[in-house]
Amino acid sequence: MTTDLAAARAARDAGIALAEDADTDGWDSAVIDQAIRERVERGEPFSANDIRDRLPDVRSALMGARFMAARKRGLIVRIGYVPSTDRRTHAHPITLWQGAT
Numbered sequence: 000m001t002t003d004l005a006a007a008r009a010a011r012d013a014g015i016a017l018a019e020d021a022d023t024d025g026w027d028s029a030v031i032d033q034a035i036r037e038r039v040e041r042g043e044p045f046s047a048n049d050i051r052d053r054l055p056d057v058r059s060a061l062m063g064a065r066f067m068a069a070r071k072r073g074l075i076v077r078i079g080y081v082p083s084t085d086r087r088t089h090a091h092p093i094t095l096w097q098g099a100t
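Quick note: the sequence shown, position 93, residue 92 per numbering that gives the first Met the number 0, numbers continuous.
Source of the hints: derived by calculation from the structure; they are not laboratory data.
Cβ coordinates follow ideal geometry from the N, Cα and C atoms, glycine included.
Each hint should be verified, as a subset may be incorrect.
[Stated by the list, open to error] Distance windows between CB atoms, simulated:
no.	residue 1	residue 2	range
1	W26	A6	15 to 25 Å
2	E40	T2	38 to 48 Å
3	A60	D3	17 to 27 Å
4	D56	D3	30 to 40 Å
5	D52	T2	21 to 31 Å
6	D3	E40	15 to 25 Å
7	P92	K71	13 to 23 Å
[As the list claims (entries may be wrong)] Simulated pairs of lysine to any residue, SDA-like, Cα-Cα distance not exceeding 20 Å:
no.	residue 1	residue 2
8	K71	E37
9	K71	V30
10	K71	D32
11	K71	R36
12	K71	Q97
13	K71	V39
14	K71	H91
15	K71	Q33
16	K71	A60
17	K71	A7
Based on the provided sequences and hints, a complete structural model is requested.
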């Protein structure tokens, strides 16, 4: 079980690195980061559902990477899960975030 979890985390981290490397000019990352900061400033729980529709031109593969970066910086904390509204994901659970205090 531990090996499976370690392999899954390694695969996740590799995917995140690929998504971030593909953002060569940093524009998509900056736009997503700004949207996350705006949601944090509201003081309400939020998920990628709340940001995705506002950023249709941003590569969706980068969204998860930027949420993880915000978590690692201590900007947001996981508080639960909500169903995804992205029809391609068939309502699978995604993280519900809150700004860190």
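Right, here's what the structure says about each hint:
1. Checked against the hint of 15 to 25 Å, the pair W26 and A6 fails, with Cβ atoms roughly 32 Å apart.
2. Evaluation of the 38 to 48 Å hint for E40 and T2 yields a pass: the beta carbon distance comes to about 41 Å.
3. Roughly 24 Å separates the CB atoms of A60 and D3, a value that falls within the hinted 17 to 27 Å.
4. Evaluation of the 30 to 40 Å hint for D56 and D3 yields a pass: the beta carbon distance comes to about 36 Å.
5. Taking 21 to 31 Å as the suggested C-beta distance range, the pair D52 and T2 does not conform, at roughly 38 Å.
6. A C-beta distance of roughly 38 Å is found between D3 and E40, which places it outside the suggested range of 15 to 25 Å.
7. The hinted window of 13 to 23 Å between P92 and K71 holds, with their beta carbons roughly 21 Å apart.
8. At most 20 Å may separate the alpha-carbon atoms for a hinted pair to count; K71 and E37 meet this at roughly 18 Å.
9. Note on K71 and V30: the hinted pairing holds, with a Cα-Cα distance of about 18 Å set against a maximum of 20 Å.
10. Simply put, K71 and D32 have alpha-carbon atoms about 13 Å apart, close enough for the 20 Å limit, and the pair holds.
11. This hinted pair checks out: K71 and R36 have alpha carbons roughly 14 Å apart, not beyond 20 Å.
12. Distance restraint check for K71 and Q97: the Cα-Cα separation of roughly 14 Å lies within the 20 Å cut-off, and the hinted pair is therefore satisfied.
13. Taking the CA atoms of K71 and V39, the gap is near 15 Å; set against the 20 Å cutoff, the hint holds.
14. Between K71 and H91, the direct Cα distance comes to roughly 23 Å. Violation of the 20 Å bound is thereby established for this hinted pair.
15. Straight-line distance between C-alpha atoms of K71 and Q33 comes to about 16 Å, which keeps the hinted pair within the 20 Å bound.
16. Simply put, K71 and A60 have alpha-carbon atoms about 18 Å apart, close enough for the 20 Å limit, and the pair holds.
17. Distance restraint check for K71 and A7: the Cα-Cα separation of roughly 18 Å lies within the 20 Å cut-off, and the hinted pair is therefore satisfied.
Taken one by one, the earlier hints fail for this structure at numbers 1, 5, 6 and 14, listed in ascending order.
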